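Protein chains: 4
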Amino acid sequence: MTNTVDVGIVGATGYTGEELCSLLAGHPGVRVVSVTSRQHAGKSVTSVIPRLGRRAAWDALTFIEPDIDALLASDASFFFLALPHGQAAGFASALHAAGRRVLDLSADFRLRDASVYQEFYHDVHPAPELLREAVYGLPEVYRDRIRDARLVACPGCYPTSILIPLLPLLRGGLVETTGIHASCISGVSGAGRKAELTLLFAECNESVRAYGVPKHRHLSEIEQELSLAAREPVKLTFVPHLMPVTRGMHTTLFLNPLAGEFEVMRTLRAAYADEPFVRVGDALPDTKHVVGSNFCDVTSRLDLRTGSLMIFSAIDNLTKGAAGQAVQNFNIMAGFEETTGLRS
Amino acid sequence: MTNTVDVGIVGATGYTGEELCSLLAGHPGVRVVSVTSRQHAGKSVTSVIPRLGRRAAWDALTFIEPDIDALLASDASFFFLALPHGQAAGFASALHAAGRRVLDLSADFRLRDASVYQEFYHDVHPAPELLREAVYGLPEVYRDRIRDARLVACPGCYPTSILIPLLPLLRGGLVETTGIHASCISGVSGAGRKAELTLLFAECNESVRAYGVPKHRHLSEIEQELSLAAREPVKLTFVPHLMPVTRGMHTTLFLNPLAGEFEVMRTLRAAYADEPFVRVGDALPDTKHVVGSNFCDVTSRLDLRTGSLMIFSAIDNLTKGAAGQAVQNFNIMAGFEETTGLRS
Amino acid sequence: MTNTVDVGIVGATGYTGEELCSLLAGHPGVRVVSVTSRQHAGKSVTSVIPRLGRRAAWDALTFIEPDIDALLASDASFFFLALPHGQAAGFASALHAAGRRVLDLSADFRLRDASVYQEFYHDVHPAPELLREAVYGLPEVYRDRIRDARLVACPGCYPTSILIPLLPLLRGGLVETTGIHASCISGVSGAGRKAELTLLFAECNESVRAYGVPKHRHLSEIEQELSLAAREPVKLTFVPHLMPVTRGMHTTLFLNPLAGEFEVMRTLRAAYADEPFVRVGDALPDTKHVVGSNFCDVTSRLDLRTGSLMIFSAIDNLTKGAAGQAVQNFNIMAGFEETTGLRS
Amino acid sequence: MTNTVDVGIVGATGYTGEELCSLLAGHPGVRVVSVTSRQHAGKSVTSVIPRLGRRAAWDALTFIEPDIDALLASDASFFFLALPHGQAAGFASALHAAGRRVLDLSADFRLRDASVYQEFYHDVHPAPELLREAVYGLPEVYRDRIRDARLVACPGCYPTSILIPLLPLLRGGLVETTGIHASCISGVSGAGRKAELTLLFAECNESVRAYGVPKHRHLSEIEQELSLAAREPVKLTFVPHLMPVTRGMHTTLFLNPLAGEFEVMRTLRAAYADEPFVRVGDALPDTKHVVGSNFCDVTSRLDLRTGSLMIFSAIDNLTKGAAGQAVQNFNIMAGFEETTGLRS
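Residue numbers (numbering that gives the first Met the number 0), protein chains in the order written: chain A, 0 to 343; chain B, 0 to 343; chain C, 0 to 343; chain D, 0 to 343.
What the hints contain is simulated information worked out from the structure, not anything from laboratory work. Certain hints may be false.
Stated by the list, open to error - Covered stretches of chain A, as calculated for chain B (at least 3 residues, CB under 8 Å):
1) 89-103
2) 201-207
3) 228-236
4) 277-285
5) 300-309
As the list claims (entries may be wrong) - Simulated crosslink set (EDC-like; lysine to aspartate or glutamate; CA at most 20 Å straight-line):
6) K214(C) x D281(C)
7) K214(A) x D281(B)
8) K234(B) x D112(B)
9) K214(D) x D281(C)
10) K193(C) x E64(A)
11) K193(D) x E195(B)
12) K193(B) x E195(D)
13) K214(B) x D74(A)
14) K214(D) x E260(C)
15) K214(A) x E195(B)
16) K214(B) x D281(A)
All values reported here derive from a predicted model rather than from experimental measurement. Backbone N, C-alpha and C fix where the C-beta goes; we use that ideal spot for every residue, glycine too.
Build out the structure end to end from the sequences listed, making use of the hints.
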């Protein structure tokens with residue numbers, strides 16, 4: 000496919016939305032035709048997001064209010080939703096009903112079961128009728144279904160960093176389904192662009208802390224996908240930490256192995272041999288090698304003394320953990336080479 | 000005891016040694032009479048460590064070569080050794096033989112068994128005859144033996160951050176002795192002041208990575224002390240991570256509980272009710288609340304969904320994890336109030 | 000004077016107020032008897048400021064509303080005001096009228112002329128009758144007047160970092176009074192603890208920017224004091240920058256010299272030879288050597304090629320630039336050794 | 000021109016060399032055929048620079064020794080030299096003599112006068128015969144000469160950040176040629192990847208300091224170009240500072256204006272209206288808006304109170320300040336669109 004595709008971005012001024020704009024600005028097959036921002040409606044996009052500037056197409060774009068009629072008036076055949084959970088569902092429903100294809104970066108359509116949504120998000124699901132149709136946007140698992148999907152629910156950053164290394168091992172029966180402990184460390188942009196005291200520079204700098212223990216919302220989608228892979232219910236203990244970097248996410252998983260280290264590495268390598276963005280290597284991952292890219296770096300170690308298996312992964316929470324993964328899904332849906340716009 | 004005590008510091012220009020100087024400069028009962036630095040011998044101490052300046056006693060001090068005869072020529076009755084492992088033992092032996100009391104901050108005398116030292120440090124122990132006499136310098140456990148000790152082996156930072164929250168639970172039989180997973184995050188000063196590429200600002204900034212997996216040297220002393228508390232052999236799986244802060248260490252432990260959350264917290268609170276530097280609280284610890292202090296903050300959470308127990312701690316790796324703990328031990332040995340010089 | 004002095008702190012939960020609490024907690028001659036916080040009234044002080052904890056006196060303190068009657072009901076003979084400008088004046092007036100001595104850390108009483116206040120703060124001065132009595136709290140200049148003052152207006156961080164190196168040169172006629180260019184770099188805590196997007200970690204990290212150009216409010220007090228020293232009106236061009244550190248302030252001044260480098264250094268050294276917190280040295284100052292201390296490090300360089308003189312200084316913006324200076328003033332007023340509580 | 004150009008990179012493992020590899024990996028018209036690294040000769044390039052990985056061409060590349068015969072054996076028609084000053088000249092001479100076109104990122108060929116080199120670099124120039132032919136690689140000034148140049152000397156980061164905002168003002172006679180004061184702040188990567196104690200994370204983090212005052216080597220090329228623009232000798236006072244960010248450079252210039260603010264901005268806008276990488280705007284520049292891009296953001300402010308003019312600029316020291324500028328020059332030389340490979 001070589002024609003240009005018109006797309007719209009709903010909610011472009013959070014960190015994820017801004018990263019999405021940045022990636023799509025470098026995508027040779029995309030023309031962004033509408034960008035919404037409640038806060039900045041009426042302003043030129045490049046006055047608010049300077050790094051997009053000096054591109055004629057972007058310098059001419061102006062933020063519009065997130066109004067569904069205005070969005071439908073545009074020619075965009077694809078819409079990216081970078082909104083808080085709960086707010087995305089309304090836009091997704093209306094755009095979907097109008098025949099536009101939707102990539103939702105919120106949590107609204109990641110769960111198959113509306114009652115699990117209610118348990119973890121403490122609210123009735125706003126559009127349960129779409130849950131059946133939505134495809135979980137992890138290309139390494141659902142590529143074939145993503146291709147023709149009309150609504151793709153892009154995974155969160157923690158889920159991506161845990162699922163990529165762990166799914167092949169559960170699928171192959173190489174680890175027990177119990178006693179899974181996840182210790183994850185996220186950069187501060189993962190918490191969003193919110194004017195909150197706890198996110199101030201002087202509060203986050205020179206600080207590390209766990210938070211959201213023991214029942215973080217992302218657990219719901221993680222366990223859904225782990226259980227599907229294992230073909231039995233899987234639960235895990237999940238501790239997220241916040242560290243003073245802007246971008247980056249590191250995950251350490253403690254597992255009870257049912258196979259040896261060689262077999263584990265062979266399975267991981269085989270699972271991702273043809274994947275453009277998953278790199279299974281020998282070295283322990285370092286977030287600085289993936290920041291700004293769509294890569295997920297993975298390795299494992301067996302502790303012979305205790306018998307525990309450790310799996311490690313590193314991603315950029317705003318790229319493979321959000322906007323980059325959305326663009327990867329878009330490329331699959333729109334028929335582009337999967338790495339288009341995600342290479343530099 | 001109210002008189003001033005003369006002390007010497009061997010190896011004052013690493014991060015631990017510098018912190019030791021800083022703490023002792025604020026100690027009302029200490030006079031530092033000799034300070035060694037191979038690199039800076041002959042220079043005034045305050046020209047090399049500016050934060051000590053404008054104190055008459057320190058402005059007059061000059062670094063000397065780390066020479067045992069010169070050290071013995073001084074009146075110091077206590078010596079702090081802030082040297083790399085393997086280098087401390089020689090000084091400790093000579094000073095001990097001469098009747099001086101020694102606080103060693105290296106790993107040389109932390110293990111009771113020379114063969115374990117050899118296994119983890121890949122070298123014959125340099126002074127095995129002293130291992131029997133050395134006391135492990137964790138005041139919360141060995142206060143009574145520290146009081147009259149002639150050689151105190153101060154624990155490392157990872158051991159301190161793991162042992163303080165975990166020992167009371169093993170001692171009381173509240174957690175299983177297997178399946179212990181430790182995920183620790185350390186600031187970069189913990190790696191020492193070494194001119195290595197991997198420790199450069201541009202390598203550590205905006206980066207997080209695991210390292211030293213699966214058999215970090217500190218495991219030897221951690222397992223020694225855990226086994227003593229549990230009265231049976233204990234092994235753990237230990238993953239240290241490096242994060243971009245100068246000071247601070249955060250530990251998350253995953254455990255299999257044999258008691259409920261209430262009992263766990265009650266045991267932790269009871270264990271440390273009278274300890275001046277261990278604070279068991281409800282909030283998840285944040286390293287920024289302990290940096291610059293000798294505190295160890297501790298709490299726990301039970302994940303009812305998985306049945307796993309999590310214990311969290313935060314310390315300053317250079318204070319409670321090194322120099323502060325050494326001063327605490329010194330206060331016990333010399334008869335000062337235990338918090339002297341450690342309060343601000 | 001050896002008795003304990005009772006003090007009150009009005010506004011204790013900003014960065015300056017918190018630092019003030021921390022310093023006073025380590026002051027052997029102070030008992031803090033009332034601490035206000037609108038936001039945290041009713042909570043225990045140490046639950047909000049953990050680093051104060053494990054001190055019996057502080058663990059027993061509870062925040063009260065900032066109510067003038069409640070403050071007057073306490074026995075405190077000294078009050079520290081750590082409030083935004085405009086809010087401090089009302090408390091200062093009432094406390095002053097009741098015979099209590101006041102150390103105001105806001106900008107409300109730093110200017111001698113109410114019309115200059117109005118020009119720079121865009122508001123009528125709230126208590127002009129007190130301007131005559133207030134003493135500018137820079138001990139290196141006004142120590143004698145501070146001793147008996149009833150109202151001390153502690154200088155801001157930028158003024159302190161510029162005035163200390165520059166006043167002796169203007170006083171001695173060693174530099175021209177025109178063509179003064181100040182380039183200052185401040186840590187983010189200097190902007191206060193405010194829930195603003197521009198102060199978020201992900202906005203300040205990996206960023207440096209100038210701001211507040213060309214007429215920053217602090218210019219008014221800087222030029223007032225420079226003019227007094229020069230005995231003629233002095234104006235300067237002032238560019239503040241924000242950098243990604245929590246604490247620290249670095250100042251570079253470009254000047255037209257009327258004397259040689261030797262004379263400049265001799266004058267600076269002579270001016271501060273007996274000052275406990277000003278260190279005139281040969282090395283270029285580094286903020287990391289003064290962070291956590293009340294020091295101001297100073298040096299100069301002459302560019303022989305262009306004839307320009309450069310003066311450099313470094314302070315901790317929260318210590319010598321705010322809370323530390325207030326405690327230094329308090330020590331002078333209350334008859335303590337000037338360094339009490341400011342040494343470690 | 001649409002064919003692929005074969006290029007070689009000499010010295011690829013410093014920060015500049017690594018950034019060059021990264022940019023060229025995303026350049027659609029370039030094939031990198033040889034990459035040298037003394038330290039890593041024999042290893043695969045992507046094992047050392049992970050962010051280049053998963054590109055077939057790069058995964059197949061192996062570092063070679065920096066040997067001139069090996070380089071000449073390759074088909075590369077262009078060579079980028081990312082070597083320390085003094086080491087580049089020999090390679091440049093040999094490659095130039097063999098008819099290859101050279102982009103040198105070192106300081107070796109930036110000065111027109113070998114005696115100025117000797118004054119600032121304290122060494123006899125290693126290849127003075129080439130100084131006449133070398134073109135100073137600032138495209139905004141020398142684009143026409145760069146097009147056919149056989150040896151381009153790419154400017155340093157400080158020079159780029161000072162020359163771009165200042166040259167148009169000197170050329171147009173809008174500012175005096177005396178009394179120019181430059182206060183620059185650089186990220187730590189600007190100091191290179193060297194195993195030195197002063198560059199350690201724990202030394203640079205939470206620190207800001209001036210250095211290299213008063214006669215930094217970069218002054219020589221800055222003054223050469225300023226003097227050419229002003230058609231009279233120009234000297235400036237230059238203070239570089241180091242701040243704790245990995246990438247980014249901010250420059251504040253204090254000037255004596257000979258024209259009003261409107262005229263200054265009009266001149267700057269006119270000078271760069273057609274430049275793809277210089278953005279003259281109203282907002283004060285922030286390095287975070289240019290990091291990862293080849294942009295130079297510029298603005299000015301006049302202080303009406305003092306009559307001083309301030310000019311501000313922000314660049315990424317590794318992109319527009321080094322590797323990006325080299326690629327921009329390469330695009331001009333090889334006939335590519337000037338922004339090729341520099342857009343995302």
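Given the hinted pair K214(A) and E195(B), is their Cα-Cα distance within 20 Å?
violated, 40 Å
Given the hint that K214(B) pairs with D74(A), test it: the Cα-Cα distance must not exceed 20 Å.
Given pair K214(B), D74(A) is violated - Cα atoms ~59 Å apart, limit 20 Å.
Distance restraint between K193(C) and E64(A), which requires alpha-carbon spacing of 20 Å or less
Measuring from Cα to Cα gives roughly 28 Å; hence the hint is violated.
Does D112(B) lie within 20 Å of K234(B) when you go C-alpha to C-alpha?
holds, 16 Å
Proposed proximity, E195(D) with K193(B) (alpha carbon, max 20 Å)
holds, 8 Å
Given pair status - D281(B), K214(A), alpha carbons within 20 Å:
holds, 17 Å
Closer than 8 Å, Cβ to Cβ, for at least three residues: run that test on the stretch 201-207 of chain A against chain B and report holds or violated.
holds (count 5)
Given the hinted pair K193(D) and E195(B), is their Cα-Cα distance within 20 Å?
Given that 20 Å is the threshold and the Cα spacing comes to 8 Å, the pair holds.
When I compare C-beta atoms, does the stretch 228-236 of chain A have three or more residues closer than 8 Å to chain B?
That given contact holds, which follows from 3 residues of the stretch 228-236 of chain A lying within Cβ reach (below 8 Å) of chain B.
Counting residues of the stretch 300-309 of chain A that have a beta-carbon nearer than 8 Å to any beta-carbon of chain B, does the count reach 3?
holds (count 8)
Is the hinted pair K214(B) and D281(A) satisfied, with a Cα-Cα distance of at most 20 Å?
Roughly 17 Å separates the two Cα atoms, so the pair holds.
Does D281(C) sit within 20 Å of K214(C), going by the straight-line distance between their CA atoms?
violated, 32 Å
In this structure, the hints that do not hold are numbers 1, 6, 10, 13 and 15, in rising order.
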